[in-house]
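> Start from the sequences and build out the full structure, keeping to the hints where you can.
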Amino acid sequence: MTHKKSRFFAVPQETHMTSAGEARFPILYYDATALQTFFWCDVGAAQFFLNGTGLAATRFFNGKALAAMGWYEYRDTDIGPYHEVGLAIAVQPSHRPLRWPFLQFLVPSQRRVLGFYIIDLPVTTEIACAAGQEMWGFPKFVTEIPYSIDGNHVAINVLHPESGESIVKIEGQLGG
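For the sequence shown, the positions run 108 to 283 when our numbering is used.
Worth flagging that the hints you see were computed from the coordinates, not collected in a lab.
Beta carbons are placed, not taken as given, at the ideal position from N, Cα and C, and that holds for glycine.
One should not assume that every hint holds.
As the list claims (entries may be wrong) - No farther apart than 20 Å at their CA atoms in a straight line, the calculated lysine to aspartate or glutamate pairs in the EDC-like style are these: (1) 111 x 121; (2) 112 x 183; (3) 112 x 227; (4) 276 x 251; (5) 276 x 227; (6) 276 x 257; (7) 111 x 185; (8) 111 x 138; (9) 171 x 149; (10) 112 x 138; (11) 276 x 180; (12) 111 x 180; (13) 111 x 183.
What the hints assert, rightly or not - Label pairs and their calculated CB-CB ranges: (14) 241 x 217: 25 to 33 Å; (15) 258 x 136: 42 to 50 Å; (16) 152 x 120: 36 to 44 Å; (17) 152 x 182: 29 to 37 Å; (18) 220 x 270: 34 to 42 Å; (19) 264 x 175: 17 to 25 Å; (20) 112 x 170: 45 to 53 Å; (21) 233 x 258: 30 to 38 Å; (22) 245 x 269: 17 to 25 Å.
Dropping the structure here:
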């Protein structure tokens, strides 16, 4: 039995038309690599992206906000292979400051107040962009994302869609 025939993937799907063509939802991902990175950043800079959302950048013990970046190589999905990079900020409702935000990571998800607000989601295919924007309202755009993991070495680069210059990249050794 191949992984696609596994009972895990036996979920009802519906076909929807996007501006880039038909796609089945939910989109199933059969083979992928994901790398998660976290960075401290200035609370004011993070809050800039949240104005008008009713959310506040979460201030942690060091007075900083937490930015998360996910780097994805989707080799086999219902919409074909593509790369994606996500930038998100740790947030909570503006009216509900958190005294000990790190404890939120230990709270069951249905009671958790802390979440992550997605700022950008560049992708490498039109169908991935259309599905994300049109079905879920995600802030996606299409660009090149060279993605390489060779042994312990990782190099991922998000290129500007017009100039081709690097917007953000990560390169280094995996593991500790």
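> Each of the hints needs a verdict: does it hold here or not?
Structure-based check of all given hints:
no.: 1; hint: 111 x 121; result: holds, 17 Å
no.: 2; hint: 112 x 183; result: holds, 14 Å
no.: 3; hint: 112 x 227; result: violated, 33 Å
no.: 4; hint: 276 x 251; result: holds, 12 Å
no.: 5; hint: 276 x 227; result: holds, 14 Å
no.: 6; hint: 276 x 257; result: holds, 16 Å
no.: 7; hint: 111 x 185; result: holds, 10 Å
no.: 8; hint: 111 x 138; result: holds, 10 Å
no.: 9; hint: 171 x 149; result: holds, 5 Å
no.: 10; hint: 112 x 138; result: holds, 13 Å
no.: 11; hint: 276 x 180; result: holds, 14 Å
no.: 12; hint: 111 x 180; result: holds, 18 Å
no.: 13; hint: 111 x 183; result: holds, 10 Å
no.: 14; hint: 241 x 217: 25 to 33 Å; result: holds, 28 Å
no.: 15; hint: 258 x 136: 42 to 50 Å; result: violated, 24 Å
no.: 16; hint: 152 x 120: 36 to 44 Å; result: holds, 40 Å
no.: 17; hint: 152 x 182: 29 to 37 Å; result: holds, 34 Å
no.: 18; hint: 220 x 270: 34 to 42 Å; result: holds, 40 Å
no.: 19; hint: 264 x 175: 17 to 25 Å; result: holds, 18 Å
no.: 20; hint: 112 x 170: 45 to 53 Å; result: holds, 51 Å
no.: 21; hint: 233 x 258: 30 to 38 Å; result: holds, 32 Å
no.: 22; hint: 245 x 269: 17 to 25 Å; result: holds, 21 Å
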